[in-house]
Amino acid sequence: MGKRVFVFKELCNGCRNCEMWCSFSQRQQNEFNSSYSAIRIIRDIDETFDEPMVNCTGEGCPLNEEGEPICVEMCPTGALVFTNLEDACQKKIELAEKRRVQPMFKLIAPWKYPYPWTEWPKEGV
Amino acid sequence: MIMLFGYKGKILRVDLAKKKIAKEDLPEEWMRKYIGCRGINDIILYNEVGPSVGPLSPENKIIFGTGPLEGTPLGMGRISIQTKYINKSIAEGSSGGDWGPELKYAGYDFVVIEKKSQMPVYLYINDDDVEIRDAEDLWGKDTRETNRIIRERTGIGNIQVASIGRGAENLVASSKVIFTLNHAGGRGCGTIMGDKKLKAIAVHGTGGVKIKDPAKFLQAYRELRKRWDLKDADDPLIPGFAFLSANFLLQFFNENCMLPAYNEQKGSIEGFLAPEDYLQKYVTGPKTGFCCPFPACGRRYEVREREYATFSGDEREGGFSIGAALVGVTSWSASLKVRDLCNKYSLDEFQVLYTIAWGMECYEKGIITKDDTEGIELKFGNNDAVVEMTEKIASREGFGEILANGSEEAARVVGKGSEKFLLTIKGRELETMNPRAVYAIALALAVCESGPDHTRWYPPYPPNPKMIPKDLAIPFDAVKASLPRSVEGKGSFVKWLYDSRAVLESIPTCVFATRGSLKVDMKPWLDAYNACTGSNYTMDEFIKVGERIVNLERAYIIREGFRRADDTIPRRMLEEPIIDGHIPPIGENLKVMIDDYYTVRGWDVNTSIPKEEKLRELDLDFVIDDLKYLR
Amino acid sequence: MKRLRRRLRMTEIYSKSSAQKYVYVKYIGHITVATGRRAEVVSLEGIETILDILSKLEKKHPGLKELFMPQGGIFNSKTGIHLKRAGQPSVPISNEEQEIKDGDTLLFW
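Chains as they are written, first to last, in my numbering: chain W, 1 to 125; chain P, 1001 to 1631; chain Y, 2001 to 2109.
Worth double-checking, as some hints may not be accurate.
What the hints assert, rightly or not - Capping the alpha-carbon separation at 25 Å, the derived lysine-lysine pairs in DSS-like fashion look like this:
no., chain 1, residue 1, chain 2, residue 2
1, P, 1226, Y, 2101
2, Y, 2060, Y, 2101
3, W, 92, W, 112
4, W, 92, P, 1365
5, P, 1033, P, 1010
6, P, 1226, W, 106
7, P, 1416, P, 1392
8, W, 91, P, 1231
9, P, 1281, W, 112
10, P, 1480, Y, 2084
11, W, 106, P, 1231
12, W, 112, P, 1226
13, P, 1226, P, 1212
14, W, 91, W, 9
15, P, 1231, W, 92
16, P, 1019, P, 1141
17, P, 1231, W, 98
18, P, 1379, P, 1266
19, Y, 2060, P, 1231
20, Y, 2021, Y, 2060
21, Y, 2065, P, 1466
22, P, 1197, P, 1023
23, P, 1231, W, 112
24, Y, 2059, P, 1231
25, P, 1226, P, 1523
26, P, 1266, Y, 2084
Keep in mind that the hints were calculated from the coordinates and are not lab data. Here the structure is a predicted model, which is why all the values come from computation and not from measurement.
Sequences and hints are given; from them, build the entire structure.
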């Protein structure tokens, strides 16, 4: 199956890096303007959540050296992944399990966290 | 009209008395000499709000400023708000959020608010359509409600609203302006905004920001992202701040006895707030400002404890949790509640905390009694007292009436030797950074033109000398500057901090993103600025812009009457040690450092007035006439 | 007999307390996440320098030494260790031969 951009909305921090860089690499490639972007961050009127809305297979997007579209490269938490359906399902299950045992994964994806970690709390903190 | 890259080239002038809007072109000379944001705010204030203008008169102006990189991912949404404050010096603050980029997309770089309005109003900006609308039914409402009502009324769901709450309307000292719910900025500008009866500024824009050289811009950004990479970062504070932001410093300061505990009498606190508890119990997810490169520089939280009613929100500034040590608060839910109140009522948490802490010390030493406070027990560690006192300060009720004018005014009213416990510089409260532990902080606090403002010189720890690239020429000695309690080399180090942060705040960008070797290596930002606007600045010219901005600010306050005698730090830092940390007071060392700083700057050592040669070197000839007869 | 036994017990306790030396180790931020705890007590048997302490802690928390000394003997600038002794302000450690004494507190950050 082909690759597309999948979203883990509980990891979205509302930074809008994806929206800005997507608009930059579309069309004339020199303007930051969210009306050109293929991904939007949606919030409610009281800003209680941030959710990326996207429907993109990476077609027409200049992929970087690792084969990722620019929105996936610039996302700081790992809320966006560019992969096929099987891998995305596995990542979601991994995220849900690890979030239960280590609160650091409320803030960043386990596959993006570069330091060693253990379950919390352990042996009476 | 030549095509501008980065800038939009427009200033919006709003006359609240005559209800008139004017759109001016941004002079090219200003873009070249001062870049933008804080720099151009300074020159507008210097030219138009002089010594004859009273801070609470209609002639005072509030300026909301953005820069060329605003609206791009490197700008990180930083804006600068500036005005002339009640103590006659500059009140300047910076804030994040989506408001600044939205102003750029609407087509304006600066908004200048002039004169006063009779009735409460709010400003509505939607691309070319700019109106002053009636806000009488919004006056008295808190910032969350104002945001919601304006969004419903205009029918635009994502319109960005900058508003003030009850605290600023009641002219509480040092109030802030709240940008879209939880970003706060401009210590003191909220008071002036409340005085002018401007309730809110709502902005919506559909444009974009054009870049001159897109390939170079992307390259400069990727280079910066590498320096911020969590795995390869060469600064221990990057992983700490990336997940916990300033809350990370809580335990670090507590162990090293650098917390401002109990009104800065001690360095560590019993039962301090542990960030791990916070992460486990209250945090629900990450939440950052506009285009922040770090995963969780802020966090969403939810509090369900019964004593502080259920509420949720997001925070990114642990300045509050560090400040909670001032009053001895040891519960996360209480400190989050006070922070929430400060944002709703647009109060400044530093002013509130330092004033309450001063009140607590006076209460414990018997200078004020329960009769004065109308039954509230102002003792260190009393969580409920802090929450109640914050509400009273916002509405100016009871003892809150005395505290609402700031701790210096309160000391004048109360008397009886309570001035000994004050922690203010130039009439403004400190900002929880500890001068006795790190002498660079002491020097930077003393000479700051607008009173204590940590974004003007943050971070005050030089990078590890081994990590500085060998071919980089830096104008200070990194080894001497890295010793925390020595006076040598601090003058040139603090001069570098001020100059480089001045230009970084003018581009604009977030000074909290300068870590590791980025503290001294300005090349990626210079490349990004040149690529965005198409200019060809060299590194010397770039840093000179920063030096020019600082000298202009110094000239401004000299004209108002400030001299070397005002450049000092509170009595407690000079005379009392941190007992539990075995750290001595600063004593005579401050004088030596200030002499060194003025000499390196080219200013007169006795008065701090910039010398003529320095002003000519920086293209500030028009300032020489103003300062000629001043001593 | 009782007095002799009591004297023996006192000397036993006395020699135990003077023989066993401890150091308090505290973790903050992402080091807490790596080790799963906020603080622990490490006995000073067979330990003289900071390098020995790191090697001992590595057995309990694999990956910890790599965070502080990625090149196996030189402190990096990605993390830091502060040393606090009674009666003195806390100082950062930059030398792997730094001696550790009884009653010290080490802050790993």
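Those earlier numbered hints the structure runs against, lowest number first: 1, 4
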